[in-house]
Amino acid sequence: MPLLEVKDVTIRFGGLTAVSEFTLSMDTHELVGLIGPNGAGKTTIFNMLTGVYRPNEGEMFVDGQSIVDNKPYEITALGVARTFQNIRLFKELTVLDNVKIGGHMHYKYSSASAVLHTNRFHKAEDIAEVDAVELLRIFNLDSRAQQYARNLPYGDQRRLEIARALAVRPKLLLLDEPAAGLNTGETSELMEKIHEIRDRFGLAILVIEHNMELVMGICERIFVLNFGKTIAQGTPDDVRANPVVIEAYLGEPAEV
Amino acid sequence: MAGGQRVAGSGWENRDAPPPATRHPPSARLPWWLRDLIYAAVFIAILIGASYGLDRIPIGGIAYYRRIIVLMGINIILAVSLNIINGHAGQFSLGHAGFMAIGAYFAAFLTVFYFAPYVNKFPEGTEQWLLQNGLLLVAVLLGGALAALAGYIVGLPSLRLRGDYLAIVTLGFGEIIRVFILNINKIGAARGLSGIPNWADFFWVYLFCGITILISWRLVRSSVGRAFLAIREDQIAAEAMGVDTTKYKVKAFIIGSFLAGVAGGLFAHYMMYLNPEMFRFLKSFEVVVMVVLGGLGSISGSVVAAIILTFLPEGLREVKDFLHTNKDPRMVIYSILLIVLMLTRPQGLLGRRELWQVLARRKDTIPTDERDQGDATDRP
Amino acid sequence: MQTFLQYLLNGIAVGAKLINFAHGDVFMLGSFVGFYAGGWAARHMNNQAGTLMSWVVAAAIMLLSMIACGLFGYLNERIAYRPLRNAPRIASLITAIGVSFFLEYGGQFVFGPDPKFFPTLIEKHLIQFGTITTTNYQIIVLVVAVIFMALLQYIVYGTRFGRAMRAVSFNFETASLMGIPTDRIISITFMIGSALAAVAGILFAVSYPKIDPLMGIMPGLKAFVAAVLGGIGNVPGAVVGGLIIGIIESFVGGSRFSNFTPAIAFIILIGILLFRPSGLFGKYEPEKV
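Chains as they are written, first to last, in the working numbering: chain A, 4 to 259; chain B, 212 to 591; chain C, 135 to 423.
Taking lysine to aspartate or glutamate pairs in the EDC-like style, the calculated list, with each CA pair at most 16 Å apart, reads: (1) A:K10 <-> A:D66; (2) A:K94 <-> B:D445; (3) A:K232 <-> A:E60; (4) B:K538 <-> C:D248; (5) C:K250 <-> C:D346; (6) A:K10 <-> A:D30; (7) B:K458 <-> A:E77; (8) A:K10 <-> A:D72; (9) C:K344 <-> C:D248.
Simulated from the structure, these hints should not be mistaken for lab results.
Computed from a prediction, not measured in an experiment: that's the story for all the values here.
Just chain A, same shape as in the assembly (with noise of 0.2 Å):
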C-alpha cells in the first residue's frame, strides 16, 4: 500500500479548473517533485492534500485512508506536514514556540494539568522542549530560539518553517517552495538538509520548486503541471528531455 495514493483528483473554481485529474502515487522515503509555471495549479494540490480545499471529484488516501473530508488538523494527525509558499509562521512567538506548536499533538495534556502543573505537564513540555531544541539544531537555529520568529532573517523563517513541520513528526511532508528566495549558497545548503531530514526521519517528501536546480538534483521523480493538467512525468532525465515541457516553459519552439 503506497504511504500516499491520488486519484483523479479535480478541483473547480468557479468556472475556472485548476486542477483536473491529479494523479500520484508515494511510497514511503520517496522525494518527489512537483514543477510547473506560476498558476499551474501546484499550491492548490497541497492546499487539497492538507484539507484546505476540498476537491470536487477523485479520491485521495493517506496509508490507505481517505482523507477527502478531513479537516486539516486531522490529516495532520495521519502523519502530513506543510510548509507554506507564503511563509506562515506564528510572527509573535519565538522561534521555540513555533516549534512546540508543531509538536502540538505531540504533548496533549488537560487544561487542568496545565494549570496545576502535574507531573505529566512537565513530563510532556520537556519532551515538548527537548524536540523542540534538537530540530532548531538541525537547521542551525538552536541559538535563536527565544528570538521572536518575526524578527528572523528571511532565509531563516523558511529553516524554521520546516523545523516547524517536522515537529510535527511527519510520515509525507510536503515543501511549498522552500527555495524561494533563498541564494544559491542557502539553496545548495537547503538540498542537503532535505536529503539529511529524509534520511533522519524516513519521510516522503513532495515538493514544489521553481528552481530546477534544486529540483533535478534531488528529486528521484518529477510531476510536471500546466494549466491543471499533468503533463509529464518521470525522472529527471526524463523531464529534462521532454519536449512537452519544454514547451509549457519555453513557449512554442520557433520553427528553424
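With chain A held as given, fit chains B and C onto it using these hints.
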C-alpha cells in the same frame, strides 16, 4: 495515533537527554503538589492578613476605598478572563457583560432562594460561618458553570465568524441575555434582584483574582495556551500543525466565560443587589477597553489597566469638586483620556509583554539584542 | 417610518465598512444642532410657520446640521482614525468607542441628560389618501430620506469619487499605488457619512420630537446589525437587512412577546450568521493560502 510514535533510532536520538537549560526542570526537592500547596497557603495567609488589616485600619473613609478595592478585584477577574478570549485566542468578543450577568444572576438566585434560607436556620456560630462560605463557593462556581455553558454556545458560531461579525454577534448575545433577564419575574425583572446576602468580601474576590491570574498564566505557558496563540497568529497554519482550532476556540470561550461568571457571582454577593442595567454592553466595552489598553495578550497589562480604569473615575471625582459644577465631567474626561491613550500607545500600555519585562528593559538588564526585539514588538 | 430612517443610517454605516460605534452618536449630534438652530429660528421667526420662509429656514437648519456634523466627521477622522490607520484594527475600534463615549457623556454634560422637545417649524397636519391617514411630516421625512438615499447611491456607484471610495475600501494599499489620494478620500467619506447621519438625526427628531444625548446608541447599533446582516460593504444588503429587522420587530412588538423586542434584531442576526457567516449578500471568501 499515526505518525505519533517514535521508533528507537528513527532520528530522535537525543530523546533521553536531559532537558536543555531554556526550560527550568521541576524542582527535584519538592513534588509539584507540595510546592503549589505551599504557595497557595502563603497566598491565602497574605489575603487573610490584608483583609484583616483593611477592616481595621483607622483611617477616615477607609470603607470607601475598601469598596473600590473590591470592585477593582472583580474588574481584574473580568479583564484577565477576557484577555484569554481576546488577547490569547484572538477571538474578538464583546459579550463579557452577558457572561458576567449569567453568573451573577444564577449565583444570586441560588443564594436568595435556596442557600440563604437554609443558612439562616442555623444559629450564628462557626457552623453557620462555614456553611455560608461553603455555599457561597458552590453558588459562585455554579454561576460560573452556567456562564461557561453560555460561553460554549456563543463559542460555536465563532468557529465560522471572523472579526467584526463575531464582535457584533457576541455583543448581541450580551444584549439578548439582558433582555431575557428583564423578562424573568422570579429574579426581579426590571426592578432588579435585591436581598442578596453580603457573603463575598475582599478575601473571596482576591482569592478568585489569584486563581484567575494563575489559570491564565499557566495556560498560556502550556500546550493549550500555545494552541490559543497559534490560532491568534495564523489560523490556517495552526490547523496545518494539527491544532483543532474549533476545539480550542470554544475552550477559550468556556474558560473565559466561566471566570466572568465567577466574577459576576462575587459581584452579586458583594453589591447585594443586581439590575439588568448593570450588564449593558457598556460594561462589555469597559472590560474590552481594559484588555486593549493593557495590551492584548499581556496578563499583567490587563491587571494594570483594570486597576487604573477602576480608580480613574474615582480620581476624577476630585476634578468635579474642583470645577464646582453640578454636572459630571468625569466620563467626558474619561473618554478623552481613552482616545489620547489609544492614539499614543495603540498597542496598549504594555504591548504583548508583561510588566516586569517592560520594567527590566528600562533598567537595561536585558542584553542588547533582546532589547532590540522588544522595540520591534512595540511596532504595530 | 422608523424603519425608513433606519435605512438611511444603514446605508451610511455600510459606506464606512468598519465598525464605527460613534455613528449613532453623530446622529444624536445632528439632531441637537438642529434643536438649537431650530429653537433660535423659532424665537426669531414670529410665527411664520407654514409660509415659504419656514421651508427655507428648515432647509437651512438641515444644511447647518449637516455642515456641523460633516466638520465633526472630518475632525474625528483626522484626530482619532488617521493616526491609527497602520495600528491594529482593535485600536481604532477602541478610539471609536472613546469618541462614542465622548459624544454621549459630552452631550449629557453640555445639553443636559433630560429629553428635549424638538421645535415645530412647519405646522403639522393630517393628510388623507383614500383610507390611509398620514401627516405631512411623514411625507416630508419620506421624500427627504429617499432623496438622500438616492444621492448616496449615486455618489457611491455613479461618480469618480465613489469609485475611488470603493477602491480604497477594497484595498487601501493598492488604491494608493494607483494614485488615488486615499487620505482625502477617507476624509471625505467620513464627512459624507457624518453629514448623512445629521440628516437622519434631524428627520428622526422631526417625526419623533423627543431627543436626548443617548438617543443614538440603539439606532447606531441596529444600523450596524443591519449592515452585518446584509453583508458588510453591501448597500442594498443593508437595506434588506434593515427591512427584515424592522418588519420582524414590529411583528413581535405587536405580539405577546413584545417585551423581547429589543433582543429581536440580535436574535435574527445570530440566526442568519449561523447559516450565512458573511451575511445575506456577503460573499464568503475563504482566506487565500
